[in-house]
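*Asks:* With the hints as constraints, model all of the structure from the sequences given.
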Amino acid sequence: MTEIRYLAPRTLEDAVSAFAAAQGAASGTARILAGGTDLLVQMRAGVVQPGTIIDIKKIEEVTAITEQPDGSFVIGAAVSGATLHDHPRFGKVWPGVLEAVNLIGSKQVQGRASPGGNLCNASPAGDSVPAMIAAGAVVTVQGPNGRRTLPVEKVPAGPGRTTLTPGEILVSFTLPARPAGSGDAYLRMIPRTEMDIAVVGCGVNLTMAGGKVTAARVGLGAVAPVPLLVEDAAKALIGSTLDEAALEAAAAACRAACNPINDKRGTIAYRTKVAGVLLKRTAAIAAERAGRK
Amino acid sequence: MAKVHVTTTINGEPTEFLCEPQQSLLDALRNNLGLTGTKEGCGTGDCGACSITLDGRLTCSCLVLAVEADGHSIGTIEGMAQGDKLHPLQRKFLEMAALQCGICTPGVLIAARALLEKNPNPTETEVRFGLAGNLCRCTGYDKIVRAVMDTAAEMRETAS
Ligand SMILES: Cc1cc2nc3c(=O)[nH]c(=O)nc-3n(C[C@H](O)[C@H](O)[C@H](O)COP(=O)(O)OP(=O)(O)OC[C@H]3O[C@@H](n4cnc5c(N)ncnc54)[C@H](O)[C@@H]3O)c2cc1C
Ligand code: FES
Ligand code: FES
Numbered sequence: 001m002t003e004i005r006y007l008a009p010r011t012l013e014d015a016v017s018a019f020a021a022a023q024g025a026a027s028g029t030a031r032i033l034a035g036g037t038d039l040l041v042q043m044r045a046g047v048v049q050p051g052t053i054i055d056i057k058k059i060e061e062v063t064a065i066t067e068q069p070d071g072s073f074v075i076g077a078a079v080s081g082a083t084l085h086d087h088p089r090f091g092k093v094w095p096g097v098l099e100a101v102n103l104i105g106s107k108q109v110q111g112r113a114s115p116g117g118n119l120c121n122a123s124p125a126g127d128s129v130p131a132m133i134a135a136g137a138v139v140t141v142q143g144p145n146g147r148r149t150l151p152v153e154k155v156p157a158g159p160g161r162t163t164l165t166p167g168e169i170l171v172s173f174t175l176p177a178r179p180a181g182s183g184d185a186y187l188r189m190i191p192r193t194e195m196d197i198a199v200v201g202c203g204v205n206l207t208m209a210g211g212k213v214t215a216a217r218v219g220l221g222a223v224a225p226v227p228l229l230v231e232d233a234a235k236a237l238i239g240s241t242l243d244e245a246a247l248e249a250a251a252a253a254c255r256a257a258c259n260p261i262n263d264k265r266g267t268i269a270y271r272t273k274v275a276g277v278l279l280k281r282t283a284a285i286a287a288e289r290a291g292r293k
Numbered sequence: 001m002a003k004v005h006v007t008t009t010i011n012g013e014p015t016e017f018l019c020e021p022q023q024s025l026l027d028a029l030r031n032n033l034g035l036t037g038t039k040e041g042c043g044t045g046d047c048g049a050c051s052i053t054l055d056g057r058l059t060c061s062c063l064v065l066a067v068e069a070d071g072h073s074i075g076t077i078e079g080m081a082q083g084d085k086l087h088p089l090q091r092k093f094l095e096m097a098a099l100q101c102g103i104c105t106p107g108v109l110i111a112a113r114a115l116l117e118k119n120p121n122p123t124e125t126e127v128r129f130g131l132a133g134n135l136c137r138c139t140g141y142d143k144i145v146r147a148v149m150d151t152a153a154e155m156r157e158t159a160s
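Chains as they are written, first to last, in this note's numbering: chain Z, 1 to 293; chain W, 1 to 160.
Careful, some of the hints might be misleading.
Claimed, not checked - Label-pair ranges, simulated between beta-carbon atoms:
hint, chain 1, residue 1, chain 2, residue 2, range
1, W, THR15, Z, ARG10, 20 to 26 Å
2, Z, ALA45, W, LEU18, 24 to 30 Å
3, Z, ARG192, W, LYS3, 30 to 36 Å
4, Z, LYS92, W, GLU126, 19 to 25 Å
5, W, GLU157, Z, LYS154, 53 to 59 Å
6, W, ALA81, Z, PRO166, 27 to 33 Å
Quick caveat, the hints were computed from the structure, so don't treat them as lab data. The C-beta atom is built at its ideal place from N, Cα and C for all residues, glycine as well.
*Replies:* So this is what it looks like as structure tokens:
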């Protein structure tokens, strides 16, 4: 490995200016370090060789979890899965997002791995991303030109690529306040029961009133170059009682959205079929949590 | 290359060391500090042989930079026994032959202790999921799982 500079700024402003300056310098690329569970593995494999590493875990805003007075949650980009798990309220309000974040790796990996790292690593199979998409999360990004917000599904640009511009750092995820009768869930299909990469991942977020779906969002992972927001699946669910016809229409929308790869974990045909199956199973869990009897 | 000065606490002892900025904490523990109880299996977060705690959180030390330890508190296998008095998990592992070659054992013990601290009465499934990040090529896991369950029962009895 070549010489590396390690910086651990205490403010976002310092982190952004160091990041922007290092990216402009000739000394090679700069990388943000959150939990390091992707970055250190990639450095060891020689896939990335950063000249500068900017550790953001000393910045308060990036490591905080806040439940706002209006009921929305703001989760710092570098919060670890274990910390999110231990939050007294988060898992009660967003059980699906929490189960997706907590599927990332082992207990050891959970001690470090963050939802921000999962999103910015931009693997098509990142587990937390479809659940965040289903939740309607909005991310806050800070760069040399200030702050902006964008829907979480607008961040991934392709395998290993994001839409963040040079010098921009992901600051936090904001999850909206939950109306009564809401529930979310995330399921992934893997060949083993633990420690594997999703063949398909599905997040569903529902609001129900009087036995009918009044709002729905569906996120799909590992079936396309980027995790997807499947609006047609949500449309098929809204207004329904989650009867078989509505579920089948939503499953068909999920299958239609698929544009997966063939690999050792699953063929195109298999991933496409499983996307529909998972939609139905995940919607059933989300509906239970929303309080449907 | 410029070395970085790190101030940390290891097993309760204030400790300072110098390291390269890209060195892993695992490497610094073993090669700069002589704490070779923490093992390297894969170096990529898959095997758990390098398990430590960082501010009480279970972590793979191969996925932490040594410089990140600055200002934080580390727990390694060397801090598990109190002098000659083994931790109940260590004693049970010996009694129940829950190890063969022993390479995975420090990591398994650190992970098992973290598990029992959070959940003193785990089911077998919870133990298996809790230790899913620790690979063992020798025991076939059953003896490890039984030793952890037995220790948990014993510790609950002692506590009550
Ligand atoms: C053994 C093992 C098992 C795993 N299992 C899973 C799994 O089941 N599912 C899964 O989805 N993933 C899995 N992963 C991958 C990894 O743990 C996750 O992607 C994790 O969420 C990454 O988070 P991190 O904080 O460690 O990211 P880091 O490694 O710190 O960062 C990842 C990338 O994102 C960039 N980045 C991080 N934070 C920011 C930010 N705030 N702003 C801008 N850029 C940023 C970094 O520069 C880097 O390129 C596994 C990894 C290991 C080692
Ligand atoms: S050496 Fe760290 S997990 Fe294998
Ligand atoms: S005892 Fe040999 S690897 Fe576990």
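*Asks:* None of the hints should be skipped; say for each whether it holds.
*Replies:* Against the structure, the hints come out as follows:
A beta carbon spacing of about 23 Å between THR15(W) and ARG10(Z) agrees with the range 20 to 26 Å that was offered as a hint. Between ALA45(Z) and LEU18(W) the beta carbon distance is about 26 Å. The supplied range of 24 to 30 Å therefore holds. ARG192(Z) and LYS3(W) have their C-beta atoms about 42 Å apart, which leaves the hinted 30 to 36 Å range violated. Restraint check, LYS92(Z) to GLU126(W): a C-beta distance of roughly 20 Å satisfies the suggested window 19 to 25 Å.
About 55 Å separates the C-beta atoms of GLU157(W) and LYS154(Z), a value consistent with the hinted range of 53 to 59 Å. Our hint of 27 to 33 Å for ALA81(W) and PRO166(Z) is violated, since their Cβ atoms are close to 51 Å apart.
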